[in-house]
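Heads up: the sequence shown begins at 0 in numbering that gives the first Met the number 0, then just goes up one per residue.
If you are wondering where the hints come from, they were derived from the structure by calculation, not from laboratory data. Heads up, a few of these hints could be off.
Label-pair ranges, simulated between beta-carbon atoms [what the hints assert, rightly or not]:
1. 37 / 70: 26 to 36 Å
2. 89 / 122: 28 to 38 Å
3. 19 / 60: 12 to 22 Å
4. 90 / 34: 34 to 44 Å
5. 37 / 74: 28 to 38 Å
6. 91 / 37: 26 to 36 Å
Glycine included, C-beta positions come from ideal geometry on N, C-alpha and C.
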Amino acid sequence: MRRLLHLSRGFILDALDLGPGFAFLGVLSKLGVKARRHATIAGIGAVRVRLDDSDLMTFRQVFRDREYQFKPRAIAERIERRYERILAAGRCPVILDAGANIGAAALWFAARYPRARVFAIAPDQDNRALLVANSQGRDNTAVVAAA
Numbered sequence: 000m001r002r003l004l005h006l007s008r009g010f011i012l013d014a015l016d017l018g019p020g021f022a023f024l025g026v027l028s029k030l031g032v033k034a035r036r037h038a039t040i041a042g043i044g045a046v047r048v049r050l051d052d053s054d055l056m057t058f059r060q061v062f063r064d065r066e067y068q069f070k071p072r073a074i075a076e077r078i079e080r081r082y083e084r085i086l087a088a089g090r091c092p093v094i095l096d097a098g099a100n101i102g103a104a105a106l107w108f109a110a111r112y113p114r115a116r117v118f119a120i121a122p123d124q125d126n127r128a129l130l131v132a133n134s135q136g137r138d139n140t141a142v143v144a145a146a
């Protein structure tokens with residue numbers, strides 16, 4: 000019963016924070032479905048994930064649990080001021096996501112700082128294929144095959 004409540008809570012949080020399509024993928028994953036699937040994350044758009052890997056958890060950490068939201072508030076404000084100063088100087092802020100995996104953090108940074116250039120670096124070919132798919136159509140994100 001406790002496990003069922005835990006799964007139900009996760010499904011509800013996924014549906015509320017990431018969208019019903021993403022929550023459905025979580026259910027498929029728990030049922031043992033192994034495939035690459037598309038999901039739509041609220042505020043981000045379509046992403047591609049592997050159900051038999053850590054991809055769902057990675058997107059949860061970044062978008063549901065907001066692990067890249069800077070804390071304390073003073074640090075977040077300092078970063079925001081620096082971002083604005085770079086833009087005001089006519090330059091383009093650069094964000095490096097070294098070890099980008101399939102691009103969850105890169106997507107978060109690209110959405111949070113839309114006028115920055117995000118370089119998502121991934122050495123693994125399988126991860127990079129999904130990173131390229133997840134970065135498709137996002138003009139401020141570039142994928143780099145490196146380590």
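Hints and how they fare:
no.	hint	in the structure
1	37 / 70: 26 to 36 Å	holds, 32 Å
2	89 / 122: 28 to 38 Å	holds, 34 Å
3	19 / 60: 12 to 22 Å	holds, 20 Å
4	90 / 34: 34 to 44 Å	holds, 43 Å
5	37 / 74: 28 to 38 Å	holds, 34 Å
6	91 / 37: 26 to 36 Å	holds, 30 Å
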